[in-house]
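Peer 1: Mapping of the sequence shown onto the working numbering: position 30 corresponds to residue 30, and the numbering continues sequentially without gaps.
Careful, some of the hints might be misleading.
[What the hints assert, rightly or not] Restraint ranges, calculated between C-beta atoms of paired labels, are given here:
id, residue 1, residue 2, range
1, T28, P87, 13 to 23 Å
2, T28, S113, 33 to 43 Å
3, S7, P41, 31 to 41 Å
[Stated by the list, open to error] In the EDC-like style, the derived pairs of lysine to aspartate or glutamate whose C-alpha atoms are separated by at most 20 Å in a straight line are:
id, residue 1, residue 2
4, K75, E27
5, K86, D61
6, K64, E27
7, K86, E27
Quick caveat, the hints were computed from the structure, so don't treat them as lab data. All residues carry an ideal CB built from backbone N, CA and C; glycine is no exception.
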Amino acid sequence: QVQLVESGGGLVQAGGSLRLSCAASGETFKVYVMAWYRQPPGKQRELVAHMSSSGSTDYADSVKGRFAISRDNTKKIMYLQMNSLKPEDTAVYYCNTLGRSMKWGQGTQVTVSS
1 QVQLVESGGG LVQAGGSLRL SCAASGETFK VYVMAWYRQP PGKQRELVAH MSSSGSTDYA
61 DSVKGRFAIS RDNTKKIMYL QMNSLKPEDT AVYYCNTLGR SMKWGQGTQV TVSS
């Protein structure tokens with residue numbers, strides 16, 4: 001079973017940057033459309049960005065122009081570069097397939113202070 005491990009979160013001031021990583025085990029990583037999700041405090045988990053194995057990307061309107069998703073299929077790692085962070089970006093960030101077909105990891109906490 002594929003395992004997902006997110007890392008790179010932390011506490012940052014508004015306007016700052018963070019880069020999240022998602023490490024996946026298993027040989028099938030490269031075939032999936034992979035995605036980043038986030039769950040703000042008290043709210044439902046939401047889709048942030050996704051990227052196909054061929055490199056096409058899409059973003060939630062709230063992060064367009066600020067976040068950038070990338071992946072290295074050889075290393076089975078996906079990244080989320082987050083710039084110009086806002087307090088409303090505060091959430092636990094998770095990675096999974098676009099269809100949420102893998103077991104969720106523990107996530108990584110991102111806290112943006114104003």
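Peer 1: Which of the stated hints cannot be reconciled with the structure, identified by number in ascending sequence?
Peer 2: 1, 3, 6, 7
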